[in-house]
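Take a look at the letters that make up each chain.
Number of protein chains: 2
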Amino acid sequence: MLKTTIIAVGKLKERAFVELEQEYLKRLRPYAKVKIIELPEVPYHKEKEAGVARRKEAEKIIKRLNPDASITVLDERGELLSTAEFSRRLAPFEATGREIIFIIGSSTGLDKEIKKRANWLLALSPLTFTHNFARVILEEQLYRALTLSAGKIYHK
Amino acid sequence: MLKTTIIAVGKLKERAFVELEQEYLKRLRPYAKVKIIELPEVPYHKEKEAGVARRKEAEKIIKRLNPDASITVLDERGELLSTAEFSRRLAPFEATGREIIFIIGSSTGLDKEIKKRANWLLALSPLTFTHNFARVILEEQLYRALTLSAGKIYHK
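Line order of the protein sequences matches chains A and B.
Start counting the first sequence at 1; every next residue gets the next number (the numbering used here).
Start counting the second sequence at 1; every next residue gets the next number (the numbering used here).
No wet-lab data here; the hints were simulated from the structure.
These numbers come from a predicted model, not from an experiment.
Don't take each hint at face value.
Derived BS3-like pairs (lysine-lysine); straight-line CA-CA distance at most 30 Å [said to hold, decoys possible]:
1. K13/A <-> K46/B
2. K33/B <-> K33/A
3. K35/A <-> K13/B
4. K46/A <-> K13/A
5. K26/A <-> K13/B
6. K46/B <-> K26/A
7. K33/B <-> K13/A
8. K13/A <-> K13/B
Same shape as in the complex, but just chain A (with noise of 0.2 Å):
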């Protein structure tokens, strides 16, 4: 069972994501522990002022990981892989029960502080997407993931 927590920098706003996410952790149950933690974004109200909230989204990130756990950050530069490979890399945190963190960040990015703890950065395409569509992509993609390594078949 895949020990996982999503920490997500805003909220997930309209109500098809919200549905989307209720549906993706009610199907992930039998596969994995998720916990999700969502951040409030911090307001700012000038382009040049996005550095600093960006900075105390970070130190509220920063409170909330655990030390033991394995940190994947999503970030659009960063390694891209099919599902089956997504699947394999999870197969050793469900094997040892360590923990994955992944963190999402809002629409003004995450502060450089978080890539930098990241034992790993995973784009989910090179295209850019809302955090919300991030969110509930990761969520299906870790379900598919986990039953791909179940040995179900899933294609719906």
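Model the placement of chain B on the given structure of chain A, informed by the hints.
Chain B alone, transformed into the frame defined by chain A:
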């Protein structure tokens, strides 16, 4: 104004995906004339009948193709690109008014005859997405790409 048709095999079943599609189609209205053609999946019972089902689906798709249009097929093994690159690829279609057709298969995939007719194979990600996700992600990316080429900032 981009003229585009999305031909999708299979229905958008869940309400969440229907809502997301409605939202992106609404946002696309100032930038594109989007036509959605949803074709029914041909049912089959045994895995070995999937090929026959795909061929029947292909015949229906082919009937709907405007011979003057450029055809893009969504395919996991297609070209990966950033949102900015996608935007640049759409620019000549925006400029000339030539139609661009996007074809999204069902979970059964697409017949090779459809891929042969494609001017472009486009991958949204090396990850495998459900056809529901692929459809709304394509719509969101069209919106993102067209607002980018219109010089708008969009990072919601």
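A quick look at each hint next to the structure:
no. : hint            : result
1   : K13/A <-> K46/B : violated, 41 Å
2   : K33/B <-> K33/A : violated, 44 Å
3   : K35/A <-> K13/B : holds, 27 Å
4   : K46/A <-> K13/A : holds, 23 Å
5   : K26/A <-> K13/B : holds, 18 Å
6   : K46/B <-> K26/A : holds, 29 Å
7   : K33/B <-> K13/A : holds, 27 Å
8   : K13/A <-> K13/B : holds, 21 Å
Checked against the numbered hints above, the structure breaks hints 1 and 2 and satisfies the rest.
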